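**Student:** One letter stands for each residue in the lines below.
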Amino acid sequence: MTRRLAIAGAVDPARPLGFTFDGRHYTGMAGDTLASALIANGVDLVGRSFKYHRPRGILSAGGEEPNALVELRSGARREPNVKATTIELYDGLEARSQNRWPSLRFDLMSLNSLFSPIFVAGFYYKTFMWPAAFWERVYEPLIRRAAGLGRVAAEADPDSYERAYAFCDVLVIGAGPTGLAAAQAAVRAGARVILCDEDFRPGGRLTLERLTISGEAGESWAAAVLAELAASGRVTIMPRTTVFGVYDHGTYGALERVADHLPAPPAHMPRQRLWRIVASRAVLAAGAVERPIGFGANDLPGIMLAGAVRGYINRFGALPGRRMALFTNNDDGWKTVADAAQAGIELAAVIDSRPSPPAELVAQRNAPASASLPAAKYARRSAVSACAPSRSAARMARRPACRSICSLCRAAGIRRLPCSRISASGRPGTGQLPPSCPRPGRAGWSRPVPPPGPSPSPPVWPTACAPALRPHLPAASSPSIVRCPRQRRKPRALSRSGGSRAAGARSSSISSTM
Amino acid sequence: MTASDIELAHREGYRSVEHLKRYTTLGMATDQGRTANVAGLAIMAALTGKSIQETGTTTFRPPYSPVAIAAFAGHHRGRDFRPTRLTPSHRWSVEQGARFVEAGLWLRPQWYARPGEADGNAIINREIRTVRSAVGLCDVSTLGKIDIQGADAAAFLDRVYCNRITTLPVGRARYGLMLREDGIVMDDGTVARLADDHFILSTTSANADRIVQHLEFCLQVLWPELDVQVTGVTEQWAQLSVAGPRARNTLQRVVDPASDISNAAVPFLGVLPVTVCGGVPGRLFRISFSGELAYELAVPARYGTALAEAIMAAGSEFGIAPYGLEALLVLRLEKGFVSSDEIDGTTTARDLGLGKMMSRQKDFIGRVLAERPALLDPDRPSVVSLRTADPLAPLRVGSHLLPLGVPATAAADLGHVTSAAFSPTLGGWIGLGLVKGGARRAGEHLIACDPIRNGAVEVEISLEPFYDPEEVRLRG
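Protein sequence lines correspond, in order, to chains P and X.
So for the first sequence, this note's numbering puts the first residue at 1; every next one is plus one.
So for the second sequence, this note's numbering puts the first residue at 1; every next one is plus one.
Please note that the accuracy of each hint is not assured.
What the hints assert, rightly or not - List time: in silico SDA-like cross-link candidates among lysine to any residue, alpha-carbon distance up to 25 Å:
{"no.": "1", "chain 1": "P", "residue 1": "LYS126", "chain 2": "X", "residue 2": "SER4"}
{"no.": "2", "chain 1": "P", "residue 1": "LYS51", "chain 2": "X", "residue 2": "GLU12"}
{"no.": "3", "chain 1": "P", "residue 1": "LYS51", "chain 2": "X", "residue 2": "TYR14"}
{"no.": "4", "chain 1": "X", "residue 1": "LYS362", "chain 2": "X", "residue 2": "ALA151"}
{"no.": "5", "chain 1": "P", "residue 1": "LYS51", "chain 2": "X", "residue 2": "GLN32"}
{"no.": "6", "chain 1": "P", "residue 1": "LYS126", "chain 2": "X", "residue 2": "GLU12"}
Simulated from the structure, these hints should not be mistaken for lab results.
A quick note: this is a predicted structure, and the numbers were derived from the prediction, not measured.
Next comes chain P alone, as it looks inside the complex (with noise of 0.2 Å):
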């Protein structure tokens, strides 16, 4: 059962990769994540939760995933934990569902979740006071062996890791459309440059959605600020790298992936090189992570973030479902329309929670089961009291999808909604929204929290650098990197103060957390 369109994003149908999950064979194609491969094989059960070992499947196409993670490798390469979302594929990957026995789609342990009435929070704290000779005897050693997720290798690692130390004007951390405008800014001031970006394909959003700048198709576009860098001779692109923390004296830590996407390291290669980056300044262009809404059974497989839906329609050419209801509260969720059209993803239903949804945006959808949903109904019959508890775990894994619309349409006043995935798009708390709050135009998206820490010269948030997005607006035009410590903020401050990583959002006010 393949889902996945004939013309592909970035991928390469030309070649084939062979790879296993729990044993199946299976095959991906060049330029594949291990999740998307699998929503292209049709395979949307990938893991069981920590506790109640829920049924997990794929929620997001980003590092921010939190539900699809399978054990890697196997042997003394075994490593738990992985995020299917961010693993690059390659011929012969091997990878596992984890945390559940004897088999993922029939796991005993999910029977925790029976007792979720019992186990709130706090009941640890609560029900294992007494006696305290139990503490480390009897009660951490049960909880152990039934909580944790997957296994770590027993042997020891057999490859090498290196460390390293890099030097520069400018570190540029991303490279989305704002990262490769600042860094072309910089570039072009006469700095030198360090570009570092955690996906193996540079481009970020642009590389997961339709997007045009300046009348260019996003990816040509990447790829000609892309190939003006490599010919500067001053710019050190990095891609597979992360940076992940920010140290005294504009110090950054970064690790580099140098070998994650081969079966082995090469003798000669470090699987992974830790990087020291000293920066004189730093554009922190991270990008956006789009927001999850609370519903009953969110959690299960079958619902994804809309914008992880444009994503893999549109960079990988894999369908996470043939038939899908879209749950949105802004109007970035909308675009998600277009792109399942496009795709030829039927669309039941799109559901609105915004007491009056822009016409314009309605009028492009002609679906018998559009619904508005009042924003105070919603959140008190959903948002706050969000998953119920299951009745069958077996029959979770089954249709876990179906009983989620179920209470979505409960809650929106529809009956019935023959489906099988829900694409869902939110701010949190819309219901609580002040009604002063301009609604605009990409909510739903929140800012990774930068790498904090003390710094001489903290990142800056390039809302200055990032014009790249704005049609008619020549890349030539973009501010210089002069320009940008005129907008420093304290990060932490910037990371509270909403918006997206498209300039679009960044004049408004939104009153909304990370």
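Given the coordinates of chain P, assemble chain X onto it according to the supplied hints.
**Tutor:** Using the frame of chain P, we list chain X on its own:
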């Protein structure tokens, strides 16, 4: 983790986002609060009636995403966890069949096996006999070497050593003892005076870096007004010890003829700048850790292997053989010299039998606190030489020393054995021990009790070294 859990936390008063996090584990999952945490915090904002900004987020800390510990460790794993230090003559030692032992970061030759030799004890005994009867060569490059220069160098050393250094003439060396501020012995070694304002200190191998730190502390914090420069030069010099009755004969063939190294020119504790092997600058110290006629010859580190080869060639006629750390320690034990086994951070100069070294004419670090009543107690354990009544009964380090004929109880404990070895020279087991009131127990017999290994052996206490107590050989 459900929305109702947040409601419960709210009802129970866990309303601050930090309390909420700890009570419910919201935001602690593998995504570290990137997804559901956002909605959860908004629910708490709704429940408390605050805005989302007021509610805030929990503190985020690096790393942003998981980083394998292996990446932080890098190459620092297994044997590469710490650097391995090799002496300048290491290659030569390997060629001579050395078996190495780790001493701190250093690899030091434990003994040198000749082809066909397998029994370590036999090799050690052979090496000792060679030193006592002919001449031996030992790599002592690991000993700490500190270069002290400046107008106030002698005055400075007077303050850090408990014995007097200002009276040391140029061209002579002196055994020196440094105390800690609390009066306990910190380190021992030699001080050689190369010029009025130029000294070379030697320290024990283990303390080389610590003593440099200590001297720097003294100069930068205690007496910044002194004109003194301290430089650790341990790795800049290869130092080889040539010990045995034929040591001088051997060295006369290595040191260039222009330098007179006769007993008159370089007496015991004499120091002489020399050139060796046709012009290589070196320093000759007549110091001995073995009790024999002995010299230490230092040359720039890059000549370490060449010098070892030259000395071996020069001494071949006299039956020279290299000797390792084990033989070195037995040799010093026979002579009753203390080492780090006795200078263990609890012993004073008096405990070590070196009380007379503490000058009464000057101030020095540790002088005041060394006079505390408890440290003057004559019943404190002090160092004595031990030899077993039955020469072939093994004496074990760590054995407790008890009076004869009393039950082995902690109350009867008089002290313990700090070093022990079989002495081929004396044909029996000998050792050093710390014994309560040791100074008045000469000739007394005790039991060295080793209950863990079921051993009990009678030992005799001696206050004199067993080997060459008149120091005839040393000064010959």
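**Student:** Compare the distance between the alpha carbons of LYS51(P) and GLU12(X) with 25 Å, and conclude whether the hinted pair is satisfied.
**Tutor:** Satisfied, since the Cα-Cα distance of roughly 22 Å is no more than 25 Å.
**Student:** For the pair we were handed, LYS126(P) and GLU12(X), check the Cα-Cα distance against 25 Å.
**Tutor:** 12 Å, holds
**Student:** So if I understand the rule, the pair passes when the alpha-carbon distance is 25 Å or less; does LYS362(X) with ALA151(X) pass?
**Tutor:** At roughly 19 Å apart (the allowed maximum being 25 Å), ALA151(X) and LYS362(X) satisfy the hint.
**Student:** LYS51(P) and GLN32(X): Cα distance at most 25 Å?
**Tutor:** 16 Å, holds
**Student:** Checking one constraint from the list: CA of LYS126(P) to CA of SER4(X), max 25 Å. Satisfied?
**Tutor:** 17 Å, holds
**Student:** Run the distance test for LYS51(P) versus TYR14(X): straight-line Cα separation, threshold 25 Å.
**Tutor:** Holds: LYS51(P) and TYR14(X) sit about 22 Å apart, inside 25 Å.
Hint check: no violations occur; every hint is consistent with the structure.
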